[in-house]
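Undergrad: As a plain string of letters, each chain reads:
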Amino acid sequence: MAVELKTIQHLCELSKLNYDEAGLEKVMGEMGDIIDLMDTIKSFDLTYDDTKDNNSISLNEVREDVAQPSFPTEKLLANAENTDNCYVVPKVVE
Amino acid sequence: MDITRAKIRDLRKALDSKEISAAELCGEYFKKIEACDGKVQSYITVTKDKAMEMAANAQKRIDAGESAPLTGIPLAIKDNICTDGIKTTCASKMLENFIPPYNATVIEKLNAEGYVLLGKTSMDEFAMGGSTQTSAFAKTKNPYDLERVPGGSSGGSAAAVSASFAPAALGSDTGGSIRQPASFCGVTGIKPTYGRVSRYGLVAFASSLDQIGPIASDARDCAIMLNAICAHDPHDATSSRQPVPDFTEKLGQSVSGMKIAMPKEFYSDDIDDDVKASVMAAAKTLESQGAKLVECSIPGLKYAIPAYYLIACAEAASNLSRFDGIKYGFRGEGRTFEELIRDSRSNGFGEEVKRRILLGNYALSSGYYDAYYKKALALKQEIIKEYNDVFDIADVILTPTAPTPAYKIGAQDNDPVKMYLADICTVTVNIASLPGISTTCGYTADGLPIGMSVIGRRFDEQTILQCADAFEQTFAPSAPKL
Amino acid sequence: MSSYFPTIGLETHAELSTNSKVFCTCSAEFGGTPNSRCCPVCSGLPGTLPVLNRKAVEYIIKAGYVMNCDISRFTKWDRKNYFYPDLPKAYQISQMPRPVCLSGNVKINVGGKEKDIRINRIHLEEDAGKLVHDEVNRISLADYNRCGVPLIEIVTEPDFHSAEEVVAYLEKIMLLLQYAGICDCKMEQGSIRCDVNISIAPKGSNELGTRTELKNLNSLKAIAKAIEVEIERQEELLDNGEKVIQQTRRFNEALGETTAMRSKEDAHDYRYFPDPDIPPIIFTEEELEEIRNSIPELPEQRVARYVEQYGIKKPDADLIVSDKKICDFFDVAIQEYDNPKAVANYITGELLRRKNLGEVDMDDLKFTGKEFAQLVELLQTDKVSQSNAKAILGEMIENGGTPKSIADAKDLWIKEDSDLLAKTVDEIIANNPKAAEQYRNGDQKVFGFFMGQANKALKGQASPKAIQEYIKKKLSE
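If you read the protein sequences in the order shown, they are chains V, B and H. If you count by my numbering, then the first sequence holds residues 7 to 100, one letter each, in order. If you count by my numbering, then the second sequence holds residues 2 to 483, one letter each, in order. If you count by my numbering, then the third sequence holds residues 10 to 486, one letter each, in order.
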């Protein structure tokens, strides 16, 4: 069962993805099938209890507050378009 | 003897006895790669110069009599593991020219032993897939049949080991991505317990499921690799403080008395007959060594695929949000921030990656979170409980690694759902954070490898290595004919 | 008289003064050239992982205690997902269903009336980076130095009904956070920031109106002004029969008005989910007890101690307590010289005065509370005169040193030359027969004139007490 157009458009907004018309058609069908598969969990009845995951730690296992030297700026910016030691971003339109 | 087919432990002896130098050894692999990888396409990047440099350093240690187990050993590394100064692409256009400024912790550990890097292997884009055919750069073929997939997502690593382009490799496993390609390519691969190996430097797919692990020609070599890479890491808060044993310790010990569970849901009609037959035969072999076969059930398996995909894709959608072309990666066009990031992402990511991001955001979005993501977390708790119940009556669990052997390239295109369902044998092991090893237990009539998985309790890699090894000692694998 | 009743709630972010950032080991210090306090983790590089900072957790627990919150025994971190150029991972690690602190309260005092402000929650999260806008080229430059600095977000219930209450609350919590030692609360540096949620409703109505959120408020003055103009704006809308739109508004201080930023209608779907990279924490009672006990005496308790035990007047006590450095300084001083009233007076009279004039920087004192106390003692025991004491203090501020060594070096001791005293006072009385006559006839006020003259003439050669006694004696003859 294909997904509604407005659902896909909303997901594209959350995911920051564009599709052309043909791509949109295709992905609506694919996502429909995928979501149908995901829907099979609806018949499972239990609820999640986040205190029962057994993956918690105690405060003394948490990292001590010691500052270490940072990375050289050029190394961090090497993979980016940059100027004046900053990443360059087009303006956000409010 | 073709030295490229040797095991790590034999290479160690050869290097230490000066039978061969580190430079000569990696040279042999490069010869083979140059001759044959054009057909197989297991590597995205071959690092010849770097390897020679590393081999020279390794040789110094060998000459000084200070070898560690992996000194001078050439290895292939999956291309989602960050290597400082060396392109790390995740087989994606998004990271086509990305050069990490730091090493993954596992790479630091291998460096400390003086390994030699042969190159970065191909994979499904961002580790999302089971065929390696979504790779933007090298669609790896199965060395046993070049018209078939090597499995995925660590298909490049598995194929490289299978074709002797490396004695061993590192892969990563989120839902079976080490085990399934190992089984398709006729080699051995182990996904350690979640938390055994640091994830720092592994480009994240699903943070609660990802683990790095070795692919090698047998369990014994896998154990040697595990010894080098397992440790608590202060850079990874999810890495375990559980003491790390010598993983080779129980190898060779008898499996007499070992209780091997075979959950019935893993032997359903969805599994190919020859796969089932092969795994059953292996079970019988272990039984003849004194192991006891136990029946059991993991009913939660029927929800395994949606539980896995909902958790994995939700985490992935979030993990991949950082890829916008601004800090690194493919930078598209746009006059505004919004336009730019949408363009970068739409052009940088492949179709499967995009589908999983959409699914992940669907599962997390307002109004859907409880029904999908939260429900999947409840399922996870249930699956963990079911496995714990089985381990009350058994020491290890034996299952097929995949429902089928390697399928033809193109057979599962246009059918993402079919692809997802094929993960049924592997995903619950990640969900339950258990260790699992896949080894070859037979071949089809066409000579395609069939893999079986041995699953253990958390942190009990020793026992599953012992079990897999016990079988391997009785089984003569046949190499691909390239 | 307004026919509307405003209701206000606050979200305050305070930067914690830890050494390292909350999820990586970069320095959390303010400033630095762009991207010089960064690493792969806080820059959001692929493959990196957050590692929580223990001190940040201890600090938020302290914040919880000083605001009377319940500390959650089980706490965890969640991802808040949205895209913005100052957010390298495109998600902020924050806390949603299980924050460290819940249900607290802060007492404020407005115009003599006490009121309880309820705290809904306090949670620990990471700060985002900074963007510098280049309007000409239509680009922004992103600096991630601030990414990952630990923040606590303090959310109140909508318990405020005036700008005065808001300001009183902010002054109070800034004091509390300073006393807890967890934040330097420098609004001008942005180490504490406040967003205001405000709505109005007709008086007597049981329902709340539509609220707007005010951002970009950089000082207490701006906050008070912004609240005032926003209330006015909303009242005008409602008076005209229009509706208030739920939105975020930016305060423009120069123009004294708020303007719409983005509609809260299309608010982000943050898709909160537990961050799988960060294990939840379970606190033990012992750990919490230890942290609680390490919090120094809080402002209220100190004021009580000063007033009840030392007899200091409440306004003076409040004044001393309003600056933690001064207050700690006072506590050290009275260890040295057990005369709290005199020490307090000299602090409020001299030290605070000079601090307000900018002559003294409490962050960069060249002398200790002990030395200050010694000076007060010398003054109280008439070893130095008022004016010489001021001179000594001035020297201590400039160059440090002990009062005794400075008095020695500059010869500032009261000499107690009784012959000189007698001679000088006799001369003054002789030269002012009319004034002497006035005093003998009962005019007490004239005494001050003689004191002043004598002090001037004697310039620290006799103690005020001796002068006083002699003049009295002489004039009564």
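If you are wondering where the hints come from, they were derived from the structure by calculation, not from laboratory data. Honestly, I wouldn't trust all of these hints.
With a straight-line cut-off of 20 Å between C-alpha atoms, the simulated PhoX-like cross-links for lysine-lysine are [unchecked claim]:
id	chain 1	residue 1	chain 2	residue 2
1	B	32	B	8
2	B	51	V	58
3	V	58	B	386
4	H	139	H	224
5	V	32	B	375
6	V	48	B	375
7	V	97	H	443
8	H	224	H	195
9	B	375	H	89
10	B	110	B	51
11	V	81	B	419
12	H	465	H	424
13	H	454	H	465
14	B	33	B	110
15	H	483	H	443
16	H	375	H	322
17	H	139	H	181
18	H	424	H	379
19	H	419	H	465
20	B	51	B	14
21	H	195	H	124
22	B	40	B	482
23	B	303	V	48
24	B	32	B	51
Over 10 Å on every C-beta distance to chain H, these chain B residues come out as not near it, computed from the model [to be verified]:
id	residue
25	4
26	64
27	101
28	233
29	237
30	281
31	325
32	328
33	339
34	419
35	460
36	463
In this text, a Cβ means the ideal position worked out from N, Cα and C, and glycines have one as well.
Undergrad: Now, for every hint given, state plainly whether the structure supports it.
TA: Verification of the hints:
At most 20 Å may separate the alpha-carbon atoms for a hinted pair to count; residue 32 of chain B and residue 8 of chain B meet this at roughly 18 Å. The straight-line distance between the Cα atoms of residue 51 of chain B and residue 58 of chain V is roughly 48 Å, outside the 20 Å bound, and the hint therefore fails. Using a Cα cut-off of 20 Å, the hinted pair residue 58 of chain V and residue 386 of chain B holds, with the two alpha carbons roughly 11 Å apart. For the hint pairing residue 139 of chain H with residue 224 of chain H, the CA-to-CA distance comes to about 16 Å; that is within 20 Å, so the pair holds.
Restraint check: the Cα-Cα separation between residue 32 of chain V and residue 375 of chain B comes to about 28 Å, which exceeds 20 Å; the hinted pair is violated. A threshold of 20 Å between alpha carbons decides the hint, and for residue 48 of chain V with residue 375 of chain B the separation of about 11 Å falls inside it, so the pair holds. Only pairs whose Cα atoms come within 20 Å are accepted, and residue 97 of chain V paired with residue 443 of chain H is rejected, the gap being roughly 83 Å. Among the hinted pairs, residue 224 of chain H with residue 195 of chain H is consistent with the structure: their alpha-carbon atoms are about 17 Å apart, no more than 20 Å.
For the hint pairing residue 375 of chain B with residue 89 of chain H, the CA-to-CA distance comes to about 16 Å; that is within 20 Å, so the pair holds. In summary, the hint linking residue 110 of chain B to residue 51 of chain B is supported, as the alpha carbons are separated by about 17 Å, within the 20 Å threshold. Distance restraint check for residue 81 of chain V and residue 419 of chain B: the Cα-Cα separation of roughly 43 Å exceeds the 20 Å cut-off, and the hinted pair is therefore not satisfied. Pair hint residue 465 of chain H plus residue 424 of chain H holds up; C-alpha atoms about 15 Å apart against a cutoff of 20 Å.
As the CA atoms of residue 454 of chain H and residue 465 of chain H are separated by approximately 18 Å, the hinted pair is consistent with the 20 Å bound. Taken as a hint, the residue 33 of chain B and residue 110 of chain B pair is broken in the structure, with Cα atoms around 27 Å apart against an allowance of 20 Å. Distance check on the hinted pair: residue 483 of chain H and residue 443 of chain H sit about 15 Å apart at the alpha-carbon level, within 20 Å; holds. Between residue 375 of chain H and residue 322 of chain H the alpha-carbon distance is near 28 Å, which puts this suggested pair outside the 20 Å criterion.
For the suggested pair residue 139 of chain H and residue 181 of chain H, the alpha carbons sit about 28 Å apart, so the restraint of at most 20 Å is broken. Restraint check: the Cα-Cα separation between residue 424 of chain H and residue 379 of chain H comes to about 25 Å, which exceeds 20 Å; the hinted pair is violated. Of the pairs offered as hints, the one joining residue 419 of chain H and residue 465 of chain H holds, with about 18 Å between alpha carbons and a cut-off of 20 Å not exceeded. For the hint pairing residue 51 of chain B with residue 14 of chain B, the CA-to-CA distance comes to about 24 Å; that exceeds 20 Å, so the pair is violated.
Only pairs whose Cα atoms come within 20 Å are accepted, and residue 195 of chain H paired with residue 124 of chain H is rejected, the gap being roughly 25 Å. Distance check on the hinted pair: residue 40 of chain B and residue 482 of chain B sit about 12 Å apart at the alpha-carbon level, within 20 Å; holds. Straight-line distance between C-alpha atoms of residue 303 of chain B and residue 48 of chain V comes to about 12 Å, which keeps the hinted pair within the 20 Å bound. Between the alpha carbons of residue 32 of chain B and residue 51 of chain B the distance comes to roughly 16 Å, so the proposed pair stays at or under 20 Å and holds.
Distance check on residue 4 of chain B: its Cβ is at least 33 Å (rounded) from any Cβ of chain H, clearing the 10 Å threshold; non-interface status holds. In this structure residue 64 of chain B is separated from chain H by more than 10 Å, as the shortest Cβ-Cβ distance comes to about 34 Å. Distance check on residue 101 of chain B: its Cβ comes as close as 7 Å (rounded) to a Cβ of chain H, failing to clear the 10 Å threshold; non-interface status is violated. The beta carbon of residue 233 of chain B sits about 12 Å from the closest Cβ of chain H, which is more than 10 Å, so the claim that it is off the interface holds.
Against chain H, the non-interface label of residue 237 of chain B is violated: not every CB pair exceeds 10 Å, the least being about 5 Å. Residue-level check passed: residue 281 of chain B sits 37 Å from the nearest beta carbon of chain H, beyond 10 Å. For residue 325 of chain B, the non-interface assignment is contradicted: its Cβ lies about 7 Å from the closest Cβ of chain H, within the 10 Å cut-off. For residue 328 of chain B, the non-interface assignment is contradicted: its Cβ lies about 6 Å from the closest Cβ of chain H, within the 10 Å cut-off.
Its closest Cβ contact with chain H, about 8 Å, brings residue 339 of chain B to no more than 10 Å, contrary to its assignment away from the interface. Against chain H, the non-interface label of residue 419 of chain B holds: every CB pair exceeds 10 Å, the least being about 28 Å. Separation of residue 460 of chain B from chain H is adequate, the least Cβ-Cβ distance of about 16 Å exceeding the 10 Å criterion. Look at residue 463 of chain B: its CB is around 25 Å from the nearest CB on chain H, clear of 10 Å, so calling it non-interface holds up.
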